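Residue numbers (my numbering), protein chains in the order written: chain A, 1 to 83; chain B, 1 to 83; chain C, 1 to 135; chain D, 1 to 135.
Think of the hints as simulated: they come from the structure by calculation, not from any bench.
A hint or two may mislead.
Unchecked claim - Simulated coverage check for chain C against chain B, where a stretch passes if three residues somewhere in it have a Cβ under 8 Å from a Cβ of chain B:
| # | region |
| --- | --- |
| 1 | 51-62 |
| 2 | 81-89 |
| 3 | 93-107 |
Unchecked claim - No more than 35 Å apart at the CA atoms, straight line, and that leaves these computed lysine-lysine pairs for DSBU-like:
| # | chain 1 | residue 1 | chain 2 | residue 2 |
| --- | --- | --- | --- | --- |
| 4 | D | 114 | C | 114 |
| 5 | D | 66 | D | 122 |
| 6 | C | 66 | D | 114 |
| 7 | C | 122 | D | 122 |
| 8 | D | 122 | C | 114 |
| 9 | C | 66 | D | 122 |
| 10 | D | 66 | D | 114 |
| 11 | D | 66 | C | 122 |
All values derive from a computational prediction rather than experimental measurement.
C-beta: ideal position from N, C-alpha, C; glycine also.
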Amino acid sequence: MTISVSCRLFARYAEALGRDECRLILPAPATVADAVHQLRHTLTGGEQLPERPLAAVNREHASPETPLADGDELALLPPLAGG
Amino acid sequence: MTISVSCRLFARYAEALGRDECRLILPAPATVADAVHQLRHTLTGGEQLPERPLAAVNREHASPETPLADGDELALLPPLAGG
Amino acid sequence: MEYLTRDPIDVVGLMAAVGDSGCGGTVVFLGSVRRAPEDGPVIAIDYDAYEEMAAAELGRIVEEAKVQWPGAGLSAQHRLGRVPLGEPSIAVVVAAPHRTEAFAACRWVIDEAKRRLPVWKKERFDDGAVRWREQ
Amino acid sequence: MEYLTRDPIDVVGLMAAVGDSGCGGTVVFLGSVRRAPEDGPVIAIDYDAYEEMAAAELGRIVEEAKVQWPGAGLSAQHRLGRVPLGEPSIAVVVAAPHRTEAFAACRWVIDEAKRRLPVWKKERFDDGAVRWREQ
Numbered sequence: 001m002t003i004s005v006s007c008r009l010f011a012r013y014a015e016a017l018g019r020d021e022c023r024l025i026l027p028a029p030a031t032v033a034d035a036v037h038q039l040r041h042t043l044t045g046g047e048q049l050p051e052r053p054l055a056a057v058n059r060e061h062a063s064p065e066t067p068l069a070d071g072d073e074l075a076l077l078p079p080l081a082g083g
Numbered sequence: 001m002t003i004s005v006s007c008r009l010f011a012r013y014a015e016a017l018g019r020d021e022c023r024l025i026l027p028a029p030a031t032v033a034d035a036v037h038q039l040r041h042t043l044t045g046g047e048q049l050p051e052r053p054l055a056a057v058n059r060e061h062a063s064p065e066t067p068l069a070d071g072d073e074l075a076l077l078p079p080l081a082g083g
Numbered sequence: 001m002e003y004l005t006r007d008p009i010d011v012v013g014l015m016a017a018v019g020d021s022g023c024g025g026t027v028v029f030l031g032s033v034r035r036a037p038e039d040g041p042v043i044a045i046d047y048d049a050y051e052e053m054a055a056a057e058l059g060r061i062v063e064e065a066k067v068q069w070p071g072a073g074l075s076a077q078h079r080l081g082r083v084p085l086g087e088p089s090i091a092v093v094v095a096a097p098h099r100t101e102a103f104a105a106c107r108w109v110i111d112e113a114k115r116r117l118p119v120w121k122k123e124r125f126d127d128g129a130v131r132w133r134e135q
Numbered sequence: 001m002e003y004l005t006r007d008p009i010d011v012v013g014l015m016a017a018v019g020d021s022g023c024g025g026t027v028v029f030l031g032s033v034r035r036a037p038e039d040g041p042v043i044a045i046d047y048d049a050y051e052e053m054a055a056a057e058l059g060r061i062v063e064e065a066k067v068q069w070p071g072a073g074l075s076a077q078h079r080l081g082r083v084p085l086g087e088p089s090i091a092v093v094v095a096a097p098h099r100t101e102a103f104a105a106c107r108w109v110i111d112e113a114k115r116r117l118p119v120w121k122k123e124r125f126d127d128g129a130v131r132w133r134e135q
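Construct all of the structure, not just a fragment, from the sequences and the given hints.
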């Protein structure tokens with residue numbers, strides 16, 4: 001069984017990889033760390049992503065251990081610099 | 001030898017005594033406490049002033065022990081309520 | 001900017017007076033007459049002051065703050081006369097390179113102003129009654 | 001008020017949005033891009049965000065503050081897009097019955113916003129160069 005997750009990249013991550021979104025198919029169960037691992041090993045330039053980037057799932061801050069469900073929106077966030 | 005001090009009253013003190021200024025002649029040397037003593041015992045309604053009111057000399061906060069010089073401006077200040 | 005005014009406080013003007021593109025944080029404090037349920041039907045406050053001293057003292061407070069926070073820009077103004085409920089009676093503006101300093105300096109100035117300014121307030125009630133109010 | 005804007009921040013509007021004659025103290029924080037000598041000739045900053053999340057997160061921060069300071073009124077706004085040096089990129093307004101609460105809540109909101117909002121800034125230099133800037 002697999003899940004489909006939409007993935008978004010921002011700021012320097014989007015620039016480094018030349019894209020700001022993609023879709024991942026992951027074997028269930030999967031966590032944020034699993035998704036990041038797949039992105040780093042399948043996307044062109046993916047090795048430029050940190051192994052444990054700041055991440056959000058469905059618009060809330062998440063950790064590498066956060067589980068992913070089918071249809072989730074995963075976002076990888078460079079170090080925050082708002083304010 | 002004596003000194004002449006102009007005295008100003010504000011807010012509830014001015015209302016209680018029905019005046020907002022007066023001139024005091026004091027034997028030198030004199031302090032704020034000496035001036036207050038004289039005001040309390042010579043002005044009509046003077047007993048309504050506290051024995052140790054908040055005071056200012058020449059527009060700076062003063063204590064009862066602050067010395068007075070000829071020509072000084074003494075002000076008696078009800079409890080402050082600015083801001 | 002004048003330290004005392006009888007007009008509504010011009011907050012934007014006070015902010016412009018300290019503005020500096022070298023500063024990262026600006027903190028503004030506005031004090032207005034608090035209307036608590038136990039106060040009854042207060043409709044306005046008349047602010048009275050020993051004006052010459054209040055202006056000098058607020059100036060001293062601002063100068064002391066500039067010594068304590070050397071990189072900060074500060075302005076402050078107290079309103080006198082009739083102030084309708086809900087309108088500010090005092091404003092303090094501090095711009096500083098870092099927000100910790102801006103918050104600290106702004107808080108210090110308003111605390112000192114409340115402690116040191118020779119200003120008094122008289123409450124006006126809707127039935128015409130009047131009462132000196134101590135902080 | 002919207003939590004995000006691409007226009008100059010309307011500070012007066014934000015203040016009006018929390019206004020309440022029951023409150024005695026209003027504290028406003030404005031954050032602008034700090035221009036330090038070591039930064040070189042930065043002429044503007046472009047703010048980029050994960051917009052849907054930034055708006056939601058700022059809303060969560062404001063709601064959390066309302067729980068911590070129940071008597072307080074709060075509003076906050078982050079500006080995105082090109083922000084000229086010296087203009088604020090974020091504003092937080094808190095009105096509370098007492099100034100201690102207003103200062104504390106305002107400080108808490110700006111600290112949380114800096115820690116939690118998915119926003120990034122890109123510096124533009126006068127020679128056309130561009131650099132992502134981390135806090």
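Each hint tested on the structure:
Residues of the region 51-62 of chain C with a Cβ under 8 Å from some Cβ of chain B number 5, which satisfies the need for three, so the listed coverage holds. Counting residues of the region 81-89 of chain C whose beta-carbon sits less than 8 Å from any beta-carbon of chain B gives 1, not enough to reach three: the coverage restraint is violated. Chain B is given as covering the region 93-107 of chain C, and this is violated because 0 residues of the stretch bring a CB closer than 8 Å to a CB of that chain, at least three being needed. Proximity of residue 114 of chain D to residue 114 of chain C is assessed by CA-CA distance (about 31 Å); at most 35 Å being required, the pair is judged to hold.
For the proposed pair residue 66 of chain D and residue 122 of chain D, the alpha carbon gap of about 32 Å is at most 35 Å, so the pair holds. For a cut-off of 35 Å, the pair hint linking residue 66 of chain C to residue 114 of chain D stands: about 27 Å separates their Cα positions. Using a Cα cut-off of 35 Å, the hinted pair residue 122 of chain C and residue 122 of chain D is violated, with the two alpha carbons roughly 53 Å apart. A threshold of 35 Å between alpha carbons decides the hint, and for residue 122 of chain D with residue 114 of chain C the separation of about 42 Å lies outside it, so the pair is violated.
Proposed proximity of residue 66 of chain C and residue 122 of chain D is supported: the alpha carbons are some 32 Å apart, at most 35 Å. This hinted pair checks out: residue 66 of chain D and residue 114 of chain D have alpha carbons roughly 18 Å apart, not beyond 35 Å. The hinted pair formed by residue 66 of chain D and residue 122 of chain C meets the criterion: a straight-line CA distance of about 32 Å does not exceed 35 Å.
Violated hints, in rising order: 2, 3, 7 and 8; the structure is consistent with all others.
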